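Participant: Sequence:
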Amino acid sequence: MKKLILLFVITFVFPLRFSAQTKPETSVIFAKSYDYVNDFEKIMNPNQVKNLTDFLKSSEAKTKSKILIVTTSSISPYTDLTDYSLELDKYLLSKLKIDTSILIVISKQLRQIQVQGVDKIRAKMSDQEMKDIISTYVVPELKKGDYYKGLQLGSEQLVKKIQ
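In the numbering used here, each number is its position in the sequence shown, counted from 1, plus 19.
Worth flagging that the hints you see were computed from the coordinates, not collected in a lab.
Remember, it's a predicted structure, so these values are computed and weren't measured experimentally.
One or more hints might be untrue.
EDC-like mimics (lysine to aspartate or glutamate), calculated; alpha carbons at most 16 Å apart, straight line [as the list claims (entries may be wrong)]:
hint, residue 1, residue 2
1, Lys-180, Glu-79
2, Lys-127, Asp-165
3, Lys-81, Asp-151
4, Lys-76, Asp-118
5, Lys-85, Asp-151
6, Lys-85, Asp-118
7, Lys-76, Glu-175
8, Lys-61, Asp-165
9, Lys-127, Glu-60
10, Lys-116, Glu-175
11, Lys-150, Glu-175
12, Lys-76, Asp-54
13, Lys-116, Glu-106
14, Lys-179, Asp-151
15, Lys-180, Asp-138
16, Lys-83, Glu-148
17, Lys-85, Asp-73
18, Lys-114, Asp-138
19, Lys-83, Glu-175
20, Lys-85, Asp-108
21, Lys-180, Glu-160
22, Lys-85, Asp-54
23, Lys-85, Asp-165
24, Lys-114, Asp-54
25, Lys-179, Glu-79
26, Lys-179, Glu-160
27, Lys-51, Asp-108
Use the sequences and the hints to build the structure in full.
Facilitator: Shown next as structure tokens:
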């Protein structure tokens, strides 16, 4: 009887253990490099990306806080934009050594936006204040289809708040 159970375990359980899905490799999911504005969804023109990048770069010099914007049409294999954003933030810090103070992830395709701030920002701005800025300045422009204007206005307000 013991040999039969052992045979069953070896035959059915071990193959399942080795073929189970594992967590996807983050370096495969995320890009190899990131700038201040990463428009992977192509919702802004190159001039808008440059203007927004220049603004965020000059703001970092003043505030000592890095704001990073990422647009994406897919969050696969993640099912939630929050999970995607958290993993992206970890990836940026651990693999690319990019320490963001505020990470804005937006998806036109999914009609979602996620904004994350690190603990050092919370001394200057609460999570609620951050949400208020997004809902007051960014979301109305996104609804109009003007992603650049929404991100520009939101970035300006975030910078004012953390100065």
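Participant: Tell me, in ascending order, the numbers of any earlier hints that this structure violates.
Facilitator: Of the numbered hints, 3, 5, 10, 16, 18, 21, 23, 26 do not hold.
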